[in-house]
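Put chain B on the given structure of chain A with help from the hints.
Protein sequence lines correspond, in order, to chains A and B.
Here the first sequence is numbered in the working numbering, starting from 1 and rising by one per residue.
Here the second sequence is numbered in the working numbering, starting from 1 and rising by one per residue.
Keep in mind that the hints were calculated from the coordinates and are not lab data.
From a predicted model like this one, the values you see are computed outputs, not experimental measurements.
Some hints here could point you the wrong way.
Note that the list lumps identical chains together, so a pair holds whenever it fits in one copy or between two copies.
In silico lysine to any residue, SDA-like type, Cα no more than 25 Å apart, as pairs [what the hints assert, rightly or not]:
1. K346 <-> A330
2. K353 <-> Q32
3. K346 <-> R58
4. K346 <-> A63
5. K353 <-> E59
6. K346 <-> E59
Listed below, chain by chain, are the residues.
There are 2 protein chains.
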Amino acid sequence: MAVVGGGQLARMMAAPAAALGVELRVLVESAQASAAQVVRQAPVGMPADDGALARLVREPSPAAVLTFEHEHVPGEVLRGLAAQGVSVQPGADALVHAQDKVVMRSRLEALGAPVPRWAAVGSPTELADFLAGVGGRAVVKTARGGYDGKGVRVVEDPRDVDDWFAAAAHGGPGLLAEELVGFTRELAVLAARSPSGEVRTWPVVESLQVEGVCYLVTAPAPNLDPATEAVAREVAVQVAEGLGVTGVLAVEMFEVRGADGAPGVLVNELAMRPHNSGHWTIDGAVTSQFEQHLRAVLDLPLGDTSPRAPWTVMANVLGSARDRLSDGVAQVAALDAGAKVHVYGKDVRPGRKLGHVTVSGADLEQVRARAEAAAAVLRGDDSGPIYRGGVADG
Amino acid sequence: MAVVGGGQLARMMAAPAAALGVELRVLVESAQASAAQVVRQAPVGMPADDGALARLVREPSPAAVLTFEHEHVPGEVLRGLAAQGVSVQPGADALVHAQDKVVMRSRLEALGAPVPRWAAVGSPTELADFLAGVGGRAVVKTARGGYDGKGVRVVEDPRDVDDWFAAAAHGGPGLLAEELVGFTRELAVLAARSPSGEVRTWPVVESLQVEGVCYLVTAPAPNLDPATEAVAREVAVQVAEGLGVTGVLAVEMFEVRGADGAPGVLVNELAMRPHNSGHWTIDGAVTSQFEQHLRAVLDLPLGDTSPRAPWTVMANVLGSARDRLSDGVAQVAALDAGAKVHVYGKDVRPGRKLGHVTVSGADLEQVRARAEAAAAVLRGDDSGPIYRGGVADG
Numbered sequence: 001m002a003v004v005g006g007g008q009l010a011r012m013m014a015a016p017a018a019a020l021g022v023e024l025r026v027l028v029e030s031a032q033a034s035a036a037q038v039v040r041q042a043p044v045g046m047p048a049d050d051g052a053l054a055r056l057v058r059e060p061s062p063a064a065v066l067t068f069e070h071e072h073v074p075g076e077v078l079r080g081l082a083a084q085g086v087s088v089q090p091g092a093d094a095l096v097h098a099q100d101k102v103v104m105r106s107r108l109e110a111l112g113a114p115v116p117r118w119a120a121v122g123s124p125t126e127l128a129d130f131l132a133g134v135g136g137r138a139v140v141k142t143a144r145g146g147y148d149g150k151g152v153r154v155v156e157d158p159r160d161v162d163d164w165f166a167a168a169a170h171g172g173p174g175l176l177a178e179e180l181v182g183f184t185r186e187l188a189v190l191a192a193r194s195p196s197g198e199v200r201t202w203p204v205v206e207s208l209q210v211e212g213v214c215y216l217v218t219a220p221a222p223n224l225d226p227a228t229e230a231v232a233r234e235v236a237v238q239v240a241e242g243l244g245v246t247g248v249l250a251v252e253m254f255e256v257r258g259a260d261g262a263p264g265v266l267v268n269e270l271a272m273r274p275h276n277s278g279h280w281t282i283d284g285a286v287t288s289q290f291e292q293h294l295r296a297v298l299d300l301p302l303g304d305t306s307p308r309a310p311w312t313v314m315a316n317v318l319g320s321a322r323d324r325l326s327d328g329v330a331q332v333a334a335l336d337a338g339a340k341v342h343v344y345g346k347d348v349r350p351g352r353k354l355g356h357v358t359v360s361g362a363d364l365e366q367v368r369a370r371a372e373a374a375a376a377v378l379r380g381d382d383s384g385p386i387y388r389g390g391v392a393d394g
Numbered sequence: 001m002a003v004v005g006g007g008q009l010a011r012m013m014a015a016p017a018a019a020l021g022v023e024l025r026v027l028v029e030s031a032q033a034s035a036a037q038v039v040r041q042a043p044v045g046m047p048a049d050d051g052a053l054a055r056l057v058r059e060p061s062p063a064a065v066l067t068f069e070h071e072h073v074p075g076e077v078l079r080g081l082a083a084q085g086v087s088v089q090p091g092a093d094a095l096v097h098a099q100d101k102v103v104m105r106s107r108l109e110a111l112g113a114p115v116p117r118w119a120a121v122g123s124p125t126e127l128a129d130f131l132a133g134v135g136g137r138a139v140v141k142t143a144r145g146g147y148d149g150k151g152v153r154v155v156e157d158p159r160d161v162d163d164w165f166a167a168a169a170h171g172g173p174g175l176l177a178e179e180l181v182g183f184t185r186e187l188a189v190l191a192a193r194s195p196s197g198e199v200r201t202w203p204v205v206e207s208l209q210v211e212g213v214c215y216l217v218t219a220p221a222p223n224l225d226p227a228t229e230a231v232a233r234e235v236a237v238q239v240a241e242g243l244g245v246t247g248v249l250a251v252e253m254f255e256v257r258g259a260d261g262a263p264g265v266l267v268n269e270l271a272m273r274p275h276n277s278g279h280w281t282i283d284g285a286v287t288s289q290f291e292q293h294l295r296a297v298l299d300l301p302l303g304d305t306s307p308r309a310p311w312t313v314m315a316n317v318l319g320s321a322r323d324r325l326s327d328g329v330a331q332v333a334a335l336d337a338g339a340k341v342h343v344y345g346k347d348v349r350p351g352r353k354l355g356h357v358t359v360s361g362a363d364l365e366q367v368r369a370r371a372e373a374a375a376a377v378l379r380g381d382d383s384g385p386i387y388r389g390g391v392a393d394g
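Isolated chain A, as found in the complex (with noise of 0.2 Å):
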């Protein structure tokens, strides 16, 4: 199996595939990537290359599919791949989706799947005139390149975004705006699909968001309405199967009451890959989301996705004090025997994921303190647990 991309994510691909006996090759930015120090075959190349990926899927023998732990191979690129009978899980028509947001939002508006608001905004004027529609104050949206709150702005103005504008005129990615959703919380599904059509979903997570990146996943969602669970399943499973995607789907949402005061789920993103709300399944659910990508992607039969504990709580670690965060696996072994670690074996730098510890047990109070004490030593810092609760503890 060939993945391109050396991040955490492909990392974490490793552990499923030795247990699996899949080979596993990955295209790494550079050879100290995180993937690249647990990968045995790693060669050096960038995404966009496509004579990198080209010998990455034909080098030393046929690799049996080419997957993704980013968006950021260029869709001609993956064309013309499989044009040479290379099988590329997500295909091209897929992953669109999950590169332009413009694209995904006309196509989910399509298939009737419920999302916010929204406006592809071509000039000043055309964003002056969503504002007004929405109560004077909107999102805007890079179409492409956006990550972990990267390419977003809350703005009332357009010259907010003159900038982006600027660059749009000069090829740079389009915009578009999206109504402020008053949410109560926000959602996070995960599903996977194979070329075969199965398709099986974890349980609905709550995902806390800190500036736009995700801090604290509670697997399942505390407190979720029954119907809300079911709905956001069956649109993650509406998604995956309207938008051909092959491999792990997350499709994050913001959990909203309508005017009669019914919970629902509107989507927010969607990534076509293992995602960061799906991390606590590699310590809470009986199949990961890397053992089921890589399941997915190979058309192998999807693995079990029940918990394995009642509660589930994963927290990231954002940015560190420590020179090395493995220098804190120590303190974190003495604080808590039970804290998961993950590392990701990445330079620090501040606000950068470097890696994440789950908990799992019978008390969610109790785990979620548990996994935000374990984050924090790793961390380096006593600034204290960031969730303080909200519709979470009721």
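Relative to chain A, chain B alone:
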């Protein structure tokens, strides 16, 4: 961390090493070895080659610790490395008890650990004397070099091991004789001990052997008398501490009934490394034996050994009618979405340990049947389940 030995035990250390951010290098017997397929740094060399070991611990940078996935490194080689400042875990003085059964039996006796009646036998006459004292039949073992039923014979006549006596006279391993224990079943206790002295044990498991090879492990051991459970775990701690073990220690035991009918245990064999009786911990315990071995030899605080499920059963795949075990993964996945498959990447040979399958759940009979069925699919045969009940089913 440097590991001697490139088999499946080293292979299964790779996942926790990546998670904990521990740099792993493995001395492998060949470039195609099980661990060599999944470990980035896997120099080829033999375990008794002190030059190869010295390079392993020094290049490209000094390794924090040297440890093992088997017992085949000569004590003098380890003492030489330790004298040069290498942290060897377990050390030569502990490891000798897993290398030489006469040393082991003598030391366990001195510690007061429960062992079968035994004697070192230097000649056919001494063996004849021992046989006369135990009713005419005994187990004879070579003190060194045996594993998986090799180097073990049940004898009624000293001439049955004439070849071994002849070999011993020419520098081969010495022999010991043990009474044939009338055990009710075989148990195993896995412990881990760190250089700082912290010790943790996992629940006692039942181990079903077929022709001297571990076939099926049930965790925890069903219907185990609580007093026996406590004694078995105490014995494991006593052995770990008494022998100065660091890392994982597997203590294989016989469950016996005393003259008064009271249950008890006798220690059969020791291994100072992750062990087949502990493979269930990867999927079935909060901390796997592989993660714990890393934590222990690196002197990190040890992890929680609690089971994740009421029952976990591990079935070995010993030989296969398939060309490659990985060819069976799709069929297992189709049969049982919750079966956890572990393929070792080894060439198929009759009786060889090629992989294992683990199933967890609340119903023991179902869990066992599922594990056996999945292993049978990987073996590619229809010989049916091997487990036929017995004390485990009451």
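Is the C-alpha distance from K353 to Q32 at most 25 Å within one copy, between copies, in both cases, or in neither? The answer is within: 16 Å in one copy meets 25 Å, while 35 Å across copies does not.
Status of R58 relative to K346 across identical chains (alpha carbons, at most 25 Å): Close across copies (24 Å), not inside one copy (29 Å); limit 25 Å.
Within, between, both or neither: how does the pair K346, A63 come out at a Cα-Cα threshold of 25 Å? between (27 Å within a copy, 20 Å between copies)
With 25 Å as the alpha-carbon cut-off, assign the pair K346 and A330 to within, between, both or neither. Close inside one copy (18 Å), not across copies (34 Å); limit 25 Å.
Classify it for me, K353 with E59: is the Cα-Cα distance of at most 25 Å met within a copy, between copies, both or neither? neither (31 Å within a copy, 30 Å between copies)
With 25 Å as the alpha-carbon cut-off, assign the pair K346 and E59 to within, between, both or neither. Intra 27 Å, inter 22 Å, cutoff 25 Å: inter-copy only.
The structure is inconsistent with hint 5 alone, although it conforms to all the rest.
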